[in-house]
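**Student:** Sequence:
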Amino acid sequence: MAEARSQFIHLWGVTGASWGVSKTLAQVHALLLVSPAALSTEDLMAQLKISRGNASMTVRELLDWGLIYKELRPGDRREFFVAEKDMLQVTRCIIRARKRRELDQMKRRLDQLAAVPGDAADADYKAFHTALADIKQLADVSDKLLSRLMQAERSWFWNTFIKLFV
1 MAEARSQFIH LWGVTGASWG VSKTLAQVHA LLLVSPAALS TEDLMAQLKI SRGNASMTVR
61 ELLDWGLIYK ELRPGDRREF FVAEKDMLQV TRCIIRARKR RELDQMKRRL DQLAAVPGDA
121 ADADYKAFHT ALADIKQLAD VSDKLLSRLM QAERSWFWNT FIKLFV
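Numbering (UniProt numbering), first residue to last: 1 to 166.
One thing to keep in mind: the hints can contain errors.
[Stated by the list, open to error] Dumping the calculated DSBU-like pairs for lysine-lysine here, alpha-carbon to alpha-carbon at most 30 Å: (1) LYS163 to LYS144; (2) LYS107 to LYS136; (3) LYS70 to LYS49; (4) LYS85 to LYS49; (5) LYS99 to LYS70; (6) LYS23 to LYS49; (7) LYS126 to LYS136; (8) LYS99 to LYS85; (9) LYS85 to LYS144; (10) LYS107 to LYS144; (11) LYS107 to LYS23.
[Unchecked claim] Quick list of simulated restraints, FRET-style, between CB atoms: (12) MET87 to VAL116: 40 to 46 Å; (13) TYR125 to ALA46: 58 to 64 Å; (14) SER56 to SER142: 30 to 36 Å; (15) ASP64 to ASP111: 21 to 27 Å; (16) LYS144 to LYS85: 24 to 30 Å; (17) LEU132 to ALA37: 48 to 54 Å; (18) GLN112 to LEU63: 27 to 33 Å; (19) SER147 to ARG5: 34 to 40 Å; (20) THR15 to ALA37: 20 to 26 Å.
Calculated from the structure, these hints are not laboratory results.
Ideal Cβ positions, reconstructed from N, Cα and C, are used throughout, including at glycine.
Starting from the given sequences, assemble the full structure and let the hints guide the process.
**Tutor:** As structure tokens, then:
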């Protein structure tokens, strides 16, 4: 079991890195996902062989994403952390964070770029604004889709994805 757990943590770390998050962030998340009990920062440091600073920064980011929660224990000054284990909720948290950090920022920047003045008869200006409009349209559709996914009920979510792939 220990070897399978270690392989899962490694796999989640490599996969996370390919999705644009740090390997350590994904490994801490994986460790908390498969842990039956809440873990302290010291537990995370010891099991993953990471520094206190790295563990603290990673925990803060996972808390910000909503992927982990603090668990308080009366009489213990340490903080303990537990992962959200509902994979639909994990998906919602990831979508919400990625949308906020990436898609929303891109849409704001596209709006700023579209407001750049120029001559509508100029071919360069027209090509630039046509490309911006196409990207903005795709971003708006993506935004609506992601918003629906974040609000979806479990049955709708799974039934929709099953229909897409079957």
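**Student:** Each of the hints needs a verdict: does it hold here or not?
**Tutor:** Verification of the supplied hints:
Proximity of LYS163 to LYS144 is assessed by CA-CA distance (about 20 Å); at most 30 Å being required, the pair is judged to hold. In summary, the hint linking LYS107 to LYS136 is supported, as the alpha carbons are separated by about 7 Å, within the 30 Å threshold. At roughly 21 Å between alpha-carbon atoms, LYS70 and LYS49 fall within 30 Å of each other, so this suggested pair holds. In summary, the hint linking LYS85 to LYS49 is supported, as the alpha carbons are separated by about 23 Å, within the 30 Å threshold.
For the given pair, LYS99 sits about 24 Å from LYS70 by alpha-carbon distance, which is consistent with the 30 Å threshold. With a C-alpha separation of about 13 Å, the suggested pairing of LYS23 with LYS49 holds against the 30 Å cut-off. This hinted pair checks out: LYS126 and LYS136 have alpha carbons roughly 15 Å apart, not beyond 30 Å. Distance check on the hinted pair: LYS99 and LYS85 sit about 21 Å apart at the alpha-carbon level, within 30 Å; holds.
Note on LYS85 and LYS144: the hinted pairing holds, with a Cα-Cα distance of about 26 Å set against a maximum of 30 Å. With a C-alpha separation of about 13 Å, the suggested pair LYS107 and LYS144 falls inside the 30 Å cut-off, and the hint holds. Straight-line distance between C-alpha atoms of LYS107 and LYS23 comes to about 28 Å, which keeps the hinted pair within the 30 Å bound. The hinted window of 40 to 46 Å between MET87 and VAL116 holds, with their beta carbons roughly 43 Å apart.
Taking 58 to 64 Å as the suggested C-beta distance range, the pair TYR125 and ALA46 conforms, at roughly 59 Å. Remark: the range hint 30 to 36 Å for SER56 to SER142 is upheld by a beta-carbon distance near 33 Å. A beta carbon spacing of about 25 Å between ASP64 and ASP111 agrees with the range 21 to 27 Å that was offered as a hint. Taken as a hint, the range 24 to 30 Å holds for the pair LYS144 and LYS85, whose Cβ atoms sit roughly 28 Å apart.
Checking the proposed 48 to 54 Å range against LEU132 and ALA37 shows it holds: the Cβ atoms sit about 51 Å from each other. For GLN112 and LEU63, the hinted distance range of 27 to 33 Å is satisfied, since their beta carbons lie about 31 Å from each other. Taking 34 to 40 Å as the suggested C-beta distance range, the pair SER147 and ARG5 conforms, at roughly 35 Å. A hinted range of 20 to 26 Å holds for the C-beta pair THR15 and ALA37, which are about 24 Å apart.
Going through the hint list in order, the structure satisfies each hint without exception.
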